[in-house]
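> Heads up: the protein sequence lines correspond to chains E and Z, in order. Quick note: the first sequence, position 75, residue 81 per my numbering, numbers continuous. Quick note: the second sequence, position 48, residue 54 per my numbering, numbers continuous.
It is worth saying that the hints were derived from the structure and are not from the lab. It cannot be assumed that every hint is accurate.
Identical chains share a label here; the pair holds if one copy fits it or two copies do between them.
Each computed DSSO-like pair below joins lysine-lysine, with the alpha-carbon atoms no more than 30 Å apart [unchecked claim]:
#1 K40 / K105
#2 K40 / K55
#3 K52 / K39
#4 K39 / K132
#5 K55 / K168
#6 K52 / K90
#7 K46 / K60
#8 K83 / K47
#9 K178 / K52
#10 K55 / K95
#11 K132 / K149
#12 K149 / K55
Number of protein chains: 2
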Amino acid sequence: MITVKNNKLINYGNRGMGLESDINLTNEYYKEKKIALIYKKPIPIKVLKINSTKTRIQDAFYEQKSTLDYSGIYKEKYIEFDAKETNSKTSFPFANIHKHQIEHIKNVMYFGGIAFLIVRFNYFNKTFLLPGKVLINYIEVSKRKSIPYSYFIDNLPEIEIKYRPRLDYLNKVDIS
Amino acid sequence: MITVKNNKLINYGNRGMGLESDINLTNEYYKEKKIALIYKKPIPIKVLKINSTKTRIQDAFYEQKSTLDYSGIYKEKYIEFDAKETNSKTSFPFANIHKHQIEHIKNVMYFGGIAFLIVRFNYFNKTFLLPGKVLINYIEVSKRKSIPYSYFIDNLPEIEIKYRPRLDYLNKVDIS
């Protein structure tokens, strides 16, 4: 399985894909149980060269994402979110959230959709739901470049890893 | 501008992209005027070969789409649709709608989203909104392999081409 991190391709081989794998399994469960319809979007690429029969891409690169990775419908609401993992023990850095993605999160909320991040601290093996509103507030009001781990522990819902559904994140989404 | 039709890449150069171009212009207008947030999804690809620095795709092909090309939010509802052009003078053929896409349209409707196609008959330069429900009914009940042009004329809303917004399709979507 090949995925992309910071515009680089990473081959995860057989060792699973951590958070992304957990989310994909959960989305299959949601669909099967008719709870929600959530899809991972394809990764945007810029094609530079194609073959003569126009069936094969011979040169291309990954473009910066301007939206979030997953979107779908839950309780008739538009849902969009991204999955982020960090190896930091102290905080979740904003470094790998692009400016366009921040704008997009604001837009989704403005139009009545639900936007959030699922953040995993790999060191602690703990996963949290970070609502778009909290993220935007942190970025714009506090001017910090990260959210401390302690803030997650004290204020944000933890999403536990279980057997089925693997990572019941929708259970932590506030539909109000 | 390079796009994909029937898994082949087509370079439209400077001559515009017809229906797709009209929809993209309209979506920009919708976003600017705070009417709706609609995005074109990236095209799914299968990567076969990457370079050593993992920044460049060297061999890949287009995968069959299992969802529709555009998605977003309108009046707090989940919207998803595809744009289809036909050169036929008599009917809109189902040949280029994949089985997975039909399943997906049904799922979107089941979960309370709005799914439809925007169909353009190039010969007549006429564009119509084809609701998911009508499409599914035609495919499953009538067992036909196409919808006659006369059915569009008699029963479905025509979307006129104007200056701004270019193709006001949301105006024809029934949110009820």
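> It remains to establish, for every hint, whether it holds in the given structure.
Each hint tested on the structure:
1. K40 / K105: This pair counts as between: shortest inter-copy Cα distance 20 Å, intra-copy 34 Å.
2. K40 / K55: neither (41 Å within a copy, 37 Å between copies)
3. K52 / K39: between (36 Å within a copy, 28 Å between copies)
4. K39 / K132: within (26 Å within a copy, 41 Å between copies)
5. K55 / K168: neither (44 Å within a copy, 35 Å between copies)
6. K52 / K90: Both: 24 Å inside a chain and 23 Å across chains, each within 30 Å.
7. K46 / K60: Both. Shortest intra-copy (26 Å) and inter-copy (22 Å) distances satisfy the 30 Å Cα cut-off.
8. K83 / K47: Answer is both; intra-copy 18 Å and inter-copy 19 Å each pass.
9. K178 / K52: neither (36 Å within a copy, 33 Å between copies)
10. K55 / K95: neither (43 Å within a copy, 35 Å between copies)
11. K132 / K149: within (25 Å within a copy, 51 Å between copies)
12. K149 / K55: neither (42 Å within a copy, 41 Å between copies)
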